[in-house]
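**Q** Sequence:
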Amino acid sequence: MNRTVYKTEYYAVEVNDQHEIVVFDQMPESASVVAMHEGCLLLVRQYREAVDEITWELPGGTVRPGEEAAAAARRELEEEAGIRCKDLSYMGSAYPMASLANRKVHYYFTDVLKPAGALDRRPDDDDVAAAWVPLRDVFRKVQQGGVDAMVGHGLLLGSLNGYFSIE
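By the count of the UniProt record's numbering, the sequence shown reaches residue 167 at its end, each step adding exactly one.
Simulated from the structure, these hints should not be mistaken for lab results. Quantities reported herein were computed from a predicted structural model and do not represent experimental measurements. Worth double-checking, as some hints may not be accurate.
[As the list claims (entries may be wrong)] Using 25 Å as the maximum straight-line C-alpha spacing, the simulated SDA-like pairs for lysine to any residue come out as follows: (1) Lys141 with Ile166; (2) Lys86 with Val133; (3) Lys104 with Glu38; (4) Lys104 with Met150; (5) Lys104 with Gln143; (6) Lys86 with Met150; (7) Lys104 with Gly61; (8) Lys141 with Lys86; (9) Lys141 with Ser165; (10) Lys86 with Glu67; (11) Lys141 with Gly92; (12) Lys141 with Glu53; (13) Lys114 with Leu88; (14) Lys114 with Glu53; (15) Lys86 with Gly39; (16) Lys7 with Leu100; (17) Lys86 with Gln143.
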């Protein structure tokens, strides 16, 4: 039986019988967007305290209670990158850290984009920036370990769904 060692309204951290840490996310779903434009992938750069590094990630975040995953993907795309999309195509889902946490990520693809206007940033978002990165450079970053693992999964799903090819 697991023993709770830390709990907030967002997470419960437990230790199991094998003395392993397990994280239970109280809002366990998130949505990420593979957004393409003229051969480039939209990535978000931000500092992540857990690894003490700046990472490159797909735009995305938590699906709020009562929110559809596609709506969360649209919201996150606009919040993080100032981009709106007309259409989203669902590509699949995955548990990126199933051995540690219950977080499930839903992946969407879009290439029909338009600027949303000025970004509405919170004060704690100073280290968040979006950039269009040529797809070949993103593949290189994945190979070299310079991106969040969800980028690689998003690229694989994009390729498997026929949106682009991995060359």
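**Q** The structure should be examined with respect to each hint, and the outcome stated for every one.
**A** Hints versus structure:
1. This hinted pair checks out: Lys141 and Ile166 have alpha carbons roughly 13 Å apart, not beyond 25 Å.
2. Among the hinted pairs, Lys86 with Val133 is consistent with the structure: their alpha-carbon atoms are about 21 Å apart, no more than 25 Å.
3. Only pairs whose Cα atoms come within 25 Å are accepted, and Lys104 paired with Glu38 is rejected, the gap being roughly 29 Å.
4. Restraint check: the Cα-Cα separation between Lys104 and Met150 comes to about 11 Å, which is no more than 25 Å; the hinted pair holds.
5. Taken as a hint, the Lys104 and Gln143 pair is honoured in the structure, with Cα atoms around 24 Å apart against an allowance of 25 Å.
6. Of the supplied pair hints, the one linking Lys86 and Met150 holds, its CA atoms being roughly 23 Å apart against a limit of 25 Å.
7. Taking the CA atoms of Lys104 and Gly61, the gap is near 11 Å; set against the 25 Å cutoff, the hint holds.
8. Of the supplied pair hints, the one linking Lys141 and Lys86 is violated, its CA atoms being roughly 28 Å apart against a limit of 25 Å.
9. Taking the CA atoms of Lys141 and Ser165, the gap is about 16 Å. The hint holds against a cut of 25 Å.
10. Pair hint Lys86 plus Glu67 holds up; C-alpha atoms about 18 Å apart against a cutoff of 25 Å.
11. As the CA atoms of Lys141 and Gly92 are separated by approximately 23 Å, the hinted pair is consistent with the 25 Å bound.
12. About 15 Å separates the Cα atoms of Lys141 and Glu53, which keeps this hinted pair within 25 Å; it holds.
13. Restraint check for Lys114 and Leu88: satisfied, since their Cα atoms lie roughly 13 Å apart, inside the 25 Å limit.
14. As the CA atoms of Lys114 and Glu53 are separated by approximately 30 Å, the hinted pair breaks the 25 Å bound.
15. For the hint pairing Lys86 with Gly39, the CA-to-CA distance comes to about 18 Å; that is within 25 Å, so the pair holds.
16. Distance hint between Lys7 and Leu100 is fulfilled; the C-alpha atoms sit about 16 Å from each other, no more than 25 Å.
17. At roughly 31 Å between alpha-carbon atoms, Lys86 and Gln143 are farther apart than 25 Å, so this suggested pair is violated.
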